[in-house]
Amino acid sequence: MDFTGAGDGRERALALLLLSMADDEFVIGFSDSEWTGIGPILEEDVAISSLAQDELGHAQALYRLFVELVGDGRDADAVAYDRPPEGYLHARLLDHGRGDWAATIARRYLYETADAARLEALAETSFEPLRDLVAKIRREERYHLMHVETWLDRLAKAGGEPRRRLTAALEAMGPDAGTVLALLPGEPALLRHGILAEPFAAIESTWRARIDGAFGRLGLPALPPTRDPQTARTRHSETFRALHREFTMVRGSEVAASW
Amino acid sequence: MTDPLALDPVLPARERSQLPFNDEALDHDERYRHFEAHVTGGGKVEATDWMPDEYRTQVLRFVEMHANSELMGVLPEREWIMRAPTLRRKLALTAKVQDEVGHAQLLYRVAEDLGKPRDAMIQDLLDGKTKFHNVFHYPTKSWADIGIIAWLVDAAAIVAQQALRDSSYAPYARTMRKICWEESVHIMHGRDVVVTMVTGTPAQRASIQEALDRWWGPLMQMHGPRSDRSKDRDIHWKIKAKTSEELRQEFLGIYVPRIWELGLTLPDPNLGLDPATGEWRYTEPDWNELRTVVTNHGPKSEERLQFRRDNWAATQWVRDAILASPRAAA
Amino acid sequence: MAAAKTPTGVLEPWEVFRQEKDGDPMRHGGSVMAPDATLAVHYAREMYGRRQESVHLWVIRRADIHDLADPDLLQPPLDRSFKKPGGYVMREKLAAAREVSGQQKPRANKGTR
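Chains as they are written, first to last, in numbering that gives the first Met the number 0: chain A, 0 to 258; chain F, 0 to 329; chain S, 0 to 112.
No lab work stands behind these hints: they were computed from the structure. Hints may be right or wrong, so weigh each one.
[As the list claims (entries may be wrong)] Distance windows between CB atoms, simulated: (1) A:D131 - S:L72: 24 to 34 Å; (2) A:G72 - F:P298: 42 to 52 Å; (3) S:I59 - F:N310: 24 to 34 Å.
[Claimed, not checked] Not close to chain F: a few residues of chain S, all C-beta gaps over 12 Å, as computed: (4) K20; (5) H27; (6) S30; (7) V54; (8) L56; (9) D66; (10) P84; (11) G86; (12) M89; (13) R90; (14) A95; (15) R97; (16) G101; (17) K104.
These numbers come from a predicted model, not from an experiment. Where a beta carbon is used, it is the ideal one built from N, C-alpha and C, also for glycine.
In isolation and in its complexed conformation, chain A is listed as follows (with noise of 0.2 Å):
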């Protein structure tokens, strides 16, 4: 990890935690904000859109947090742009491309749940500048997830085609899902600081009996277990990499200069 500052084992801890959190919207907004004019029908294009701003704009905030924080000079963009792609922390879920709109639908159902569950979690956090933000993320997620089950159910009720597409992008990333609530290190600091709950292995059973429940009603298949949890956030996909040379081109141009 790429970051000095990060004094006691609370202060690593909770950058950890942020720079997790952050990466994860970051990435999610990137993949969602490419059907940007191209969505399937035009007020869905409009609305996806909204949604991807809205991550990018949680990322933005925890960003912030970060660099408050760690306090090494950087700015939030240059926590957002100038690493690596090794030093990106974001779950394995998030590698998969954005695929056909099932696929969209199938990991943004399985992140924003994961999400909600880990952002429950931290509703009471001792740290006060996240219990404010994270106050303000689950008001808009509200309408994240109120998009999202709607389409899962629309999805899986309609049969035929959409509800095949829904199943092999669910058996695709399924393995995945659950590492948005991967055991991150330092969790032992989050947990007697106050920062975090319960440990993530409490808000993943919770939200995997919210999943089994829901699919259950669909008729969709039951999450499988995570796979390599131990490189949930740590081994990225070829994807992230060409998203990176993407997302880097312009800034990477010229360096230090202001856009």
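Given the coordinates of chain A, work out where chains F and S should sit on it, guided by the hints.
What follows is chains F and S alone, placed relative to chain A:
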């Protein structure tokens, strides 16, 4: 080309105030005369009014091309959403392109209420039967292009759109007011990108100048060749109020000084304000280039249309799925 | 959001009305195409609320709107000026009254506060 006989009014004709052209007891020619007098006298037309086929198809053609342009206009810019160099710029560009899709939605809705289904309009666009504006047939080569387009292409568009806010076709006029309000933010974003780069590194400044040199030709062609006001059917029916030349003069009057203010040059040695007439003089734009481009022979025309065709086909299953009635919620 | 909506199975226009700020009337904004109320409300929020430009939206299936434009009902031909301020022009009568009373036309009196 749209068959006027295929355009049944979507909404049933209703009597609106005491407008005589809405009187079904009159014959077609009388209704036409009343309608023409109404419109040329400044009267407005709603979707529910009776319209002569000529007016209906003229408005539809106008609005359809506008809608098509918004839909195709997203393509030059969206590839740079992935490459935006800061979070704020990425958010701004995503929001801008989103607005263009939103404008396409607004405009296709207006056109649809005149009688042509959205899918038919998109199919005609993809089949090359209907057109979209010249500027969207050109490549974007750098981040500087993004600044130039957002500032100057949107500025040229807004000059035209402001003049349409009083169009005789009221649904279109109302949409123009919403679009103008939304576009004003795009211009500010574009100008901010340009000014930031112009005051940045030498490479950034050079990049802006290079992009401006490339885009000036298409910008000068954008409003179209000079037309004879007395022969312009869109002006006759008050669908639009200003001629191409009036719009171009307005654009030049506002934006050339702002371009020069930044120390940028324009690749036209003849460009300048004639103090005697108050008119801007310029080298005659290449109207052959314009004709070639808008008939889908521009540098990126076919590639972008094919991209849209592929995307439309690949997402058809979603449009079909959305119509499938979910069984009653548990 | 409210209880289950019945999907129509076809794309239809839904009209969107919006309130810009507290206390304003609902004004027509435009329309969206949707197969049912759930998506109609989503899309209305996007087209007429994504910029925080509205505080309240109404979304109604166009086919459910009851339309009245009949001029006999809304612009009936006989005089109704007794129902409007313009039907009460008193300039001459007031001038005559002042002649009789010898009074001037009063200026607006804002009091001595």
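Here is what the structure says about each hint:
Under the hint 24 to 34 Å, the C-beta atoms of A:D131 and S:L72, about 56 Å apart, miss the expected range. Between A:G72 and F:P298, the C-beta spacing of about 44 Å keeps the proposed range 42 to 52 Å intact. Take S:I59 and F:N310: their Cβ atoms lie about 32 Å apart, and the range 24 to 34 Å holds. Remark: the non-interface label on S:K20 is consistent with the geometry, its nearest Cβ contact in chain F lying 16 Å away (cut-off 12 Å).
Not every CB of chain F lies more than 12 Å from the CB of S:H27, the least distance being 9 Å, so the non-interface label is violated. Distance to chain F contradicts S:S30 as a non-interface residue, since its nearest Cβ pair spans about 6 Å, not more than 12 Å. For S:V54, the non-interface assignment is confirmed: its Cβ lies about 17 Å from the closest Cβ of chain F, beyond the 12 Å cut-off. For S:L56, the shortest C-beta to C-beta distance to chain F comes to about 15 Å, beyond the 12 Å cut-off, and the non-interface label holds.
At roughly 7 Å, the least C-beta separation between S:D66 and chain F is not larger than 12 Å, which violates its mark as non-interface. With 12 Å as the threshold on Cβ separation, the claim that S:P84 sits away from chain F holds: the shortest Cβ distance comes to roughly 22 Å. Consistency note on S:G86: stated as away from chain F, and its beta-carbon is indeed over 12 Å from all of that chain's, at 21 Å minimum. Separation of S:M89 from chain F is adequate, the least Cβ-Cβ distance of about 31 Å exceeding the 12 Å criterion.
The beta carbon of S:R90 is kept farther than 12 Å from every beta carbon of chain F, the shortest such distance being approximately 31 Å. Interface exclusion of S:A95 from chain F stands, the closest Cβ pair being 38 Å apart, more than 12 Å. No Cβ of chain F approaches the Cβ of S:R97 within 12 Å, the least distance being about 41 Å, so the stated non-interface status holds. Every beta carbon of chain F lies more than 12 Å from that of S:G101, the smallest distance being close to 49 Å; the non-interface claim holds.
Every CB of chain F lies more than 12 Å from the CB of S:K104, the least distance being 39 Å, so the non-interface label holds.
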